[in-house]
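*Asks:* Use the sequences and the hints to build the structure in full.
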Amino acid sequence: MSNTLLMGAVAYDPKVVTIWDGFQKWFGEHGLDFDYLLYSNYERQVEGHFQGHFHVAWNSPLAWLQAKAVGSELGRSVEAVAMRDTDCDLTSVVVVRAGSDIRTVEDLRGRTVGVGAGDSPQATLIPLAHIAELGLEPDEDFEVRRFDVLVGKHGDHVGGERHAAKALMAGEVDAACMIDGNHWLFGKEGTLPSGATRILTQTGQYDHCNFTVLDDAPQALVEEFVRLLHSMDFEDPNVRPLLQLEGLKQWEPGRTDKYGLLERAIDRFDTIQEFVGRLREARR
Amino acid sequence: MNHVDLQGLGLDEGGHLLVKRALAAIPVGDTLVVRGSSASLSVHLRAWCRAQGHEFEPSADGGVVRRGSAEVGRWRGAERAGAADCVEDEASPRWGLGARGCTVEAGGPEFDFPLRTRSEIWADDAARLYAQAVAAQWDPGSAIPWDAPFDLPDDVEDAVVQVMTYLIENETAALVIPARFASQVHPHYREVLQLLAVQAADEARHIEVFTRRALLKRARPGLSTTGGQASLKTLVEERDFAEATLLLSVLGEGSFLSLLRFLHEEAPDPVTREISRLAAQDEARHVAFGLSHLAEQVRSDPALLDRLEQAIRRRHDALAATSGLNEEVFDALVLLGAAGLEPLELRAGWQKVQALERDMHEGRRRRLARLGFADGRADELSSLHTRNFM
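Protein chains in written order, with the working numbering: chain A, 1 to 284; chain B, 285 to 674.
Simulated from the structure, these hints should not be mistaken for lab results.
Derived pair list, reagent style SDA-like, types lysine to any residue, alpha-carbon separation capped at 25 Å: (1) A:Lys258 / B:Ala335; (2) A:Lys166 / B:Ala323; (3) A:Lys25 / B:Pro393; (4) A:Lys258 / A:Gln273; (5) B:Lys304 / B:Arg364; (6) B:Lys636 / B:Asp435; (7) A:Lys25 / B:Gly357; (8) A:Lys15 / B:Gly337; (9) A:Lys188 / B:Asp345; (10) B:Lys304 / B:Cys386.
Listed next, the stretches of chain A that the computed footprint assigns to chain B, with coverage defined by at least 3 CB atoms under 8 Å from CB atoms of chain B: (11) 83–89; (12) 192–206; (13) 237–244.
Small disclaimer: the values here were computed from a predicted structure and weren't measured.
All residues carry an ideal CB built from backbone N, CA and C; glycine is no exception.
*Replies:* Below is the structure:
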């Protein structure tokens with residue numbers, strides 16, 4: 001198996017199998033022996049990465065920061081080698097009902113804000129930190145109602161955000177948090193009818209998933225993997241369905257300078273300390 | 285500077301159509317300024333551009349979009365599914381269910397339609413026959429005088445019920461067969477597909493009216509025999525489109541044309557008379573398509589005649605040990621022809637059924653000759669046709 005590049009990914013949806021089977025076939029046709037392991041949650045995947053179960057992790061932004069923190073504890077370096085064009089420069093929004101008397105973030109004081117899964121960067125951590133930085137502390141100055149769909153998947157499953165949006169329309173919460181694209185998507189699918197909501201505030205830009213490697217990754221294989229990713233052309237009909245399934249038009253080089261918002265959020269909410277500590281203890 | 289003003293229209297209420305249209309008018313790599321007063325415009329533009337592969341810079345009232353290449357790239361390598369106004373000799377599995385003449389994106393799934401060459405299925409008058417069939421559809425509820433008063437002697441009513449029972453099982457075979465082939469025809473040959481579909485719909489209607497007549501005065505239909513079902517099974521199991529067309533449409537439904545005309549003339553009641561007339565009209569179209577399609581195919585491939593002849597002989601051999609038309613149906617036809625139980629009446633009825641069988645044979649012989657069989661061969665092959673008529 002020494003010439004096989006192994007990737008770890010999280011099975012947040014059955015289509016994940018279709019996606020990586022397709023990539024495996026395509027990589028195989030281009031001379032790269034590629035295989036993948038699926039984990040049910042990102043914590044197990046990060047742990048498996050450090051235990052040497054595979055070479056490249058398809059990491060959520062939170063899993064990237066978990067890997068970075070564990071690496072730092074263990075004296076290991078981590079690197080983001082590639083990401084989707086659609087992983088770059090995302091924002092999240094906090095929306096209220098169009099007729100709401102909430103005009104400013106300050107008006108959220110004493111109200112209830114619906115968020116996605118507790119570990120969702122886009123629907124929970126980043127928007128809550130954004131509100132906190134504007135002066136209102138979650139669970140103190142306002143109530144947070146978490147729609148915990150599939151915890152451990154870091155919000156990859158859109159269900160939590162949708163539940164929060166539905167709760168907003170049902171009047172169960174006063175505001176709801178979601179990624180910008182889902183505000184548009186929920187409008188299209190009718191969950192948030194056009195004109196029924198107003199964007200109260202928008203977060204700064206942040207990046208999403210990346211392919212992460214540790215310092216002991218087989219360099220030649222990883223280089224070939226990245227080279228092939230960049231050669232995938234949306235114009236190629238054999239490649240296009242794979243890119244469409246995975247939600248991108250082209251692969252971009254990995255960059256790590258836009259995880260600052262999430263980093264501040266997990267520091268503020270102490271999101272990953274316990275996990276990192278547990279891995280550190282296990283290594284002793 | 286290229287720009288588009290959405291005014292108050294949000295991107296979540298159709299505004300993206302205007303942005304798309306404006307982007308289509310500029311080269312890939314050029315920028316478009318999008319302005320509007322919708323409060324969520326800039327947020328939605330960012331998300332939309334990301335999903336579409338365009339670069340985006342927000343501004344206070346919208347933003348600047350740099351056109352990406354993905355949308356253009358998507359249609360590179362796309363293929364035209366033939367021409368809209370003529371049929372190709374062969375239809376590509378890649379065209380799938382696409383409309384004839386449409387542009388098909390490359391990389392889609394291939395569909396396995398076994399009947400995908402013109403020579404296998406096409407008939408030039410398919411479109412005309414289809415239009416005619418659609419125009420001639422009748423409503424079983426209103427076209428038949430269901431409420432017309434009549435009262436038949438028990439023997440005669442029983443005979444009608446037995447004939448209806450026989451017709452129902454035959455028409456069920458005539459529904460199942462075109463329906464099965466319809467699912468095998470490449471949609472490029474749209475008119476053939478439509479014709480097979482309307483043919484199946486015709487038979488569905490026939491089954492309905494024959495059933496309704498059978499149960500008009502009786503609690504249940506009559507008898508179904510092993511011979512009749514064995515004959516139909518050889519038809520239902522026929523896998524070759526040309527051979528099935530010959531056996532079902534040209535020979536079987538051809539014979540039924542004579543039978544339905546006989547029933548129209550000899551029927552003892554107005555309901556049976558009318559359903560026989562209307563069903564015969566439909567059957568005539570089925571026969572016409574079968575003949576037209578096969579005649580065209582024989583013209584381009586004369587060796588097909590040998591194959592068709594073998595199909596008739598094979599079916600004859602397969603049915604040699606069966607009894608053919610069931611006695612109950614035969615007797616029922618005689619009784620309907622006789623219109624009474626007096627010896628002289630029965631003799632007349634018998635003679636009418638003899639004439640019916642001659643008429644059927646003559647019709648089959650004529651149609652086989654039209655396909656190109658020499659007179660003597662056509663006569664012989666007609667006589668090998670199943671004694672069950674269908």
